[in-house]
Amino acid sequence: MAAVSEWRVKLVGRPSKDVSCPSIVKTRVIDTGLCCRCMACMAACPAAVRTGVGFEFEEREHVCVDCEICVRVCPRLDYKPLSGVGSYIEAVAGRSKRFEGQDGAMVTEILISAMEMGMIDRCIFVGRDEEWRTEVFHVRDVEQLEVPTLTGTKYTFAAAVPALREAVLNTKAGVGFVGTPCMVSAVRRLQKALAVFRRVKLVVGLFCTENFYWEDLIPFLEEKGVDIKKLVKTDISKGKFIATMTDGVVEFPVKELSKIMPSGCRFCTDFSAVESDVSVGSVGSKPGFSTVLVRNENAKAVLDYIRERGYAEFGEVSLEAVERLCNLKKKREANIKEAMQKGD
Amino acid sequence: MGIKRLKMPEYKLGDKVRWHAAALGTAFKEAFFPLTVTVQYPRERRKFPDNFRGYILFDIEKCINCWQCAFVCPANAIRMKEAPNKKYYPTIDYAKCIFCHFCVDSCVGGALRATKIHDVAYADVDEMLAETEQLMEPPEILREDKRYVEYVIEEDDVRLRRVKGQDYLVAEPPPRREYPMVCVCEDPESCTGCGTCADVCEHYAISISIEGEYKVIRIDGEKCVGCGLCVKECPLHVLKLVRR
Numbered sequence: 001m002a003a004v005s006e007w008r009v010k011l012v013g014r015p016s017k018d019v020s021c022p023s024i025v026k027t028r029v030i031d032t033g034l035c036c037r038c039m040a041c042m043a044a045c046p047a048a049v050r051t052g053v054g055f056e057f058e059e060r061e062h063v064c065v066d067c068e069i070c071v072r073v074c075p076r077l078d079y080k081p082l083s084g085v086g087s088y089i090e091a092v093a094g095r096s097k098r099f100e101g102q103d104g105a106m107v108t109e110i111l112i113s114a115m116e117m118g119m120i121d122r123c124i125f126v127g128r129d130e131e132w133r134t135e136v137f138h139v140r141d142v143e144q145l146e147v148p149t150l151t152g153t154k155y156t157f158a159a160a161v162p163a164l165r166e167a168v169l170n171t172k173a174g175v176g177f178v179g180t181p182c183m184v185s186a187v188r189r190l191q192k193a194l195a196v197f198r199r200v201k202l203v204v205g206l207f208c209t210e211n212f213y214w215e216d217l218i219p220f221l222e223e224k225g226v227d228i229k230k231l232v233k234t235d236i237s238k239g240k241f242i243a244t245m246t247d248g249v250v251e252f253p254v255k256e257l258s259k260i261m262p263s264g265c266r267f268c269t270d271f272s273a274v275e276s277d278v279s280v281g282s283v284g285s286k287p288g289f290s291t292v293l294v295r296n297e298n299a300k301a302v303l304d305y306i307r308e309r310g311y312a313e314f315g316e317v318s319l320e321a322v323e324r325l326c327n328l329k330k331k332r333e334a335n336i337k338e339a340m341q342k343g344d
Numbered sequence: 345m346g347i348k349r350l351k352m353p354e355y356k357l358g359d360k361v362r363w364h365a366a367a368l369g370t371a372f373k374e375a376f377f378p379l380t381v382t383v384q385y386p387r388e389r390r391k392f393p394d395n396f397r398g399y400i401l402f403d404i405e406k407c408i409n410c411w412q413c414a415f416v417c418p419a420n421a422i423r424m425k426e427a428p429n430k431k432y433y434p435t436i437d438y439a440k441c442i443f444c445h446f447c448v449d450s451c452v453g454g455a456l457r458a459t460k461i462h463d464v465a466y467a468d469v470d471e472m473l474a475e476t477e478q479l480m481e482p483p484e485i486l487r488e489d490k491r492y493v494e495y496v497i498e499e500d501d502v503r504l505r506r507v508k509g510q511d512y513l514v515a516e517p518p519p520r521r522e523y524p525m526v527c528v529c530e531d532p533e534s535c536t537g538c539g540t541c542a543d544v545c546e547h548y549a550i551s552i553s554i555e556g557e558y559k560v561i562r563i564d565g566e567k568c569v570g571c572g573l574c575v576k577e578c579p580l581h582v583l584k585l586v587r588r
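Sequence order for the protein chains is A and B.
Each residue of the first sequence is one higher than the one before, counting from 1 in the numbering used here.
Each residue of the second sequence is one higher than the one before, counting from 345 in the numbering used here.
Please keep in mind that the hints were generated in silico from the structure rather than gathered at the bench.
All values derive from a computational prediction rather than experimental measurement.
One or more of the hints may lead you astray.
Taking lysine to any residue pairs in the SDA-like style, the calculated list, with each CA pair at most 25 Å apart, reads [stated by the list, open to error]:
1. Lys10(A) <-> His445(B)
2. Lys172(A) <-> Lys425(B)
3. Lys425(B) <-> Met480(B)
4. Lys584(B) <-> Glu6(A)
5. Lys431(B) <-> Arg50(A)
6. Lys17(A) <-> Glu557(B)
7. Lys255(A) <-> Thr156(A)
8. Lys172(A) <-> Phe415(B)
9. Lys567(B) <-> Glu6(A)
10. Lys97(A) <-> Arg128(A)
11. Lys192(A) <-> Val560(B)
12. Lys430(B) <-> Cys64(A)
13. Lys576(B) <-> Ala173(A)
14. Lys430(B) <-> Arg50(A)
15. Lys17(A) <-> Lys440(B)
16. Lys259(A) <-> Asp227(A)
17. Lys440(B) <-> Val502(B)
18. Lys201(A) <-> Glu530(B)
19. Lys431(B) <-> Lys259(A)
20. Lys10(A) <-> Lys425(B)
21. Lys425(B) <-> Arg50(A)
22. Lys576(B) <-> Lys17(A)
23. Lys567(B) <-> Trp7(A)
24. Lys192(A) <-> Met480(B)
25. Lys10(A) <-> Val560(B)
26. Lys10(A) <-> Arg562(B)
27. Lys576(B) <-> Asn170(A)
28. Lys576(B) <-> Arg199(A)
29. Lys10(A) <-> Gly556(B)
30. Lys259(A) <-> Lys300(A)
31. Lys17(A) <-> Lys584(B)
32. Lys229(A) <-> Thr134(A)
33. Lys430(B) <-> Trp7(A)
34. Lys460(B) <-> Arg506(B)
35. Lys431(B) <-> Asp543(B)
36. Lys10(A) <-> Tyr558(B)
Build out the structure end to end from the sequences listed, making use of the hints.
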């Protein structure tokens, strides 16, 4: 990287100077319901950093400096839906011997192993507070994982992508990231637009059918008789949502959750996080194991390291179940055309 | 390995008498012209070399609000406080200050200045926080010294020399050794083109223009004074100061 005193930034080509960038995002993404709340715009927005405004559109338009970066990084503007299992070089089922998590704790294992290898020096984990609000943690040491809420699935949106900004600006080696397919796409967009985000060296994608907003999910669960204070684990298995509490279990069919499904998920066809370095999920492997789809050499090196050290045990994986869910999610493509037309 | 016994040397009578006489002489000398190195503060004070680091003065006119002093302070003694004009100016907590004067060295506008005031003593901890207003004037000092004291290093000993007259309170600093800096972009691919740098630059050294499909950002090396304001404000840290 040569230091220069004159450089260029490509403009996106707006129809008119009077149209502000947040309003483009607002009319074409938020109003049409395409927005997946990945918060890539928040991670890049220079005005948001300086003024500390939130995700709310009105606030942001007020402080906008007209730099167009939100238009450049939004994965749902100029949306090219991805679907299918995607390309992979290896598919295995794994269970970590060191950590405990949702199923095989392979996400934790992969990120911590990458940290031990020196590929990354920090990674972003999502924890939760007592009321299951998500909190973002920058993990730089294995000891930090003693916080028991850091591992396991929360089924709630988290502001992990905006947290990447701080991580990439402070990192010496690289950053590890874990997120849903929409977040993975957002990170790839950020990396394309801004070189500083290319310091994210390892992106772990999660299998995802849909995710929920905290403000919707918690009242829904309470209605079902779940005491949030006592809730210890949430899980989706065999078409059922299972909420495990300290003194009991509440189960109900996943289909019932469709009424609180965020609109952004209705347009998402990516089940397996096609753009990630390695995808992990419980679908396709035995209980207690996680399916791991290694997609590039970078992730392969991490998996080889885990194998070599014997940190995890490996098993067989059946990709039919994964493919079935990928195809199920692909059917949502029909919704997209409708929404795109509405936005134009 | 055996033990080697040392034998007491045999001295001659003449040597013994000479040494005793020398010892008695030293005792007499100390009784009348003592060789102490204690400074009788506050009746006399030690004359320090020029630029011996002391109290710090602040010139509000020269401050460009870059916060560099607060960032560089290794003891976290400097806090920026908001003034009525919405700018932030430094306050120094002398309970924490280690008198390294990194702040003085790093001050771009030359707003912070070293003095020869070394009477930085307070009655209680709350007083030790010097607000911006207090930093602008030299503090009031009560002194009763009539003479100052200098250490003279002789061939084999240190001696005090007492001189009548008082030391100057504020010494003019020597001309600063300037390291001219200039701002450059080290990672143009991460630039969002937000224009924050151009906004904060007080010398109008950064210009942004739109040429066709591109936004062109230029740093005018002639105008740039190397203050680092843009480097601090850039949201993605793409700018850097380098030596000219």
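Hint check:
Restraint check: the Cα-Cα separation between Lys10(A) and His445(B) comes to about 44 Å, which exceeds 25 Å; the hinted pair is violated. Taken as a hint, the Lys172(A) and Lys425(B) pair is broken in the structure, with Cα atoms around 32 Å apart against an allowance of 25 Å. With a CA separation close to 14 Å, the supplied pair Lys425(B) and Met480(B) stays within the 25 Å bound. As the CA atoms of Lys584(B) and Glu6(A) are separated by approximately 13 Å, the hinted pair is consistent with the 25 Å bound.
A threshold of 25 Å between alpha carbons decides the hint, and for Lys431(B) with Arg50(A) the separation of about 15 Å falls inside it, so the pair holds. Between Lys17(A) and Glu557(B), the direct Cα distance comes to roughly 13 Å. Compliance with the 25 Å bound is thereby established for this hinted pair. For the given pair, Lys255(A) sits about 17 Å from Thr156(A) by alpha-carbon distance, which is consistent with the 25 Å threshold. Of the pairs offered as hints, the one joining Lys172(A) and Phe415(B) holds, with about 20 Å between alpha carbons and a cut-off of 25 Å not exceeded.
Restraint check for Lys567(B) and Glu6(A): satisfied, since their Cα atoms lie roughly 14 Å apart, inside the 25 Å limit. Under the criterion of a C-alpha separation no larger than 25 Å, the hint pairing Lys97(A) with Arg128(A) is consistent with the structure, at around 24 Å. The hinted pair formed by Lys192(A) and Val560(B) meets the criterion: a straight-line CA distance of about 19 Å does not exceed 25 Å. For the given pair, Lys430(B) sits about 21 Å from Cys64(A) by alpha-carbon distance, which is consistent with the 25 Å threshold.
For the hint linking Lys576(B) to Ala173(A), the alpha-carbon distance of about 22 Å falls within 25 Å, and the restraint holds. The straight-line distance between the Cα atoms of Lys430(B) and Arg50(A) is roughly 16 Å, inside the 25 Å bound, and the hint therefore holds. At roughly 52 Å between alpha-carbon atoms, Lys17(A) and Lys440(B) are farther apart than 25 Å, so this suggested pair is violated. Annotation: proposed proximity of Lys259(A) to Asp227(A) holds, straight-line Cα distance about 21 Å (limit 25 Å).
The straight-line distance between the Cα atoms of Lys440(B) and Val502(B) is roughly 32 Å, outside the 25 Å bound, and the hint therefore fails. For the hint pairing Lys201(A) with Glu530(B), the CA-to-CA distance comes to about 20 Å; that is within 25 Å, so the pair holds. At roughly 51 Å between alpha-carbon atoms, Lys431(B) and Lys259(A) are farther apart than 25 Å, so this suggested pair is violated. For the suggested pair Lys10(A) and Lys425(B), the alpha carbons sit about 39 Å apart, so the restraint of at most 25 Å is broken.
At roughly 18 Å between alpha-carbon atoms, Lys425(B) and Arg50(A) fall within 25 Å of each other, so this suggested pair holds. A C-alpha spacing of about 29 Å is found between Lys576(B) and Lys17(A), which places the hinted pair above 25 Å, so the restraint is violated. Taking the CA atoms of Lys567(B) and Trp7(A), the gap is about 17 Å. The hint holds against a cut of 25 Å. Proximity of Lys192(A) to Met480(B) is assessed by CA-CA distance (about 50 Å); at most 25 Å being required, the pair is judged violated.
The suggested pairing of Lys10(A) with Val560(B) holds, with an alpha-carbon distance near 9 Å, which does not exceed 25 Å. Between Lys10(A) and Arg562(B) the CA atoms are separated by roughly 15 Å; this keeps the pair inside 25 Å, and the hint holds. With a CA separation close to 14 Å, the supplied pair Lys576(B) and Asn170(A) stays within the 25 Å bound. Proximity of Lys576(B) to Arg199(A) is assessed by CA-CA distance (about 21 Å); at most 25 Å being required, the pair is judged to hold.
At roughly 9 Å between alpha-carbon atoms, Lys10(A) and Gly556(B) fall within 25 Å of each other, so this suggested pair holds. Straight-line distance between C-alpha atoms of Lys259(A) and Lys300(A) comes to about 39 Å, which puts the hinted pair past the 25 Å bound. Under the criterion of a C-alpha separation no larger than 25 Å, the hint pairing Lys17(A) with Lys584(B) is inconsistent with the structure, at around 31 Å. For the hint linking Lys229(A) to Thr134(A), the alpha-carbon distance of about 14 Å falls within 25 Å, and the restraint holds.
Proximity of Lys430(B) to Trp7(A) is assessed by CA-CA distance (about 33 Å); at most 25 Å being required, the pair is judged violated. Annotation: proposed proximity of Lys460(B) to Arg506(B) holds, straight-line Cα distance about 19 Å (limit 25 Å). This hinted pair checks out: Lys431(B) and Asp543(B) have alpha carbons roughly 15 Å apart, not beyond 25 Å. This hinted pair checks out: Lys10(A) and Tyr558(B) have alpha carbons roughly 5 Å apart, not beyond 25 Å.
The structure shown violates the earlier hints numbered 1, 2, 15, 17, 19, 20, 22, 24, 30, 31, 33.
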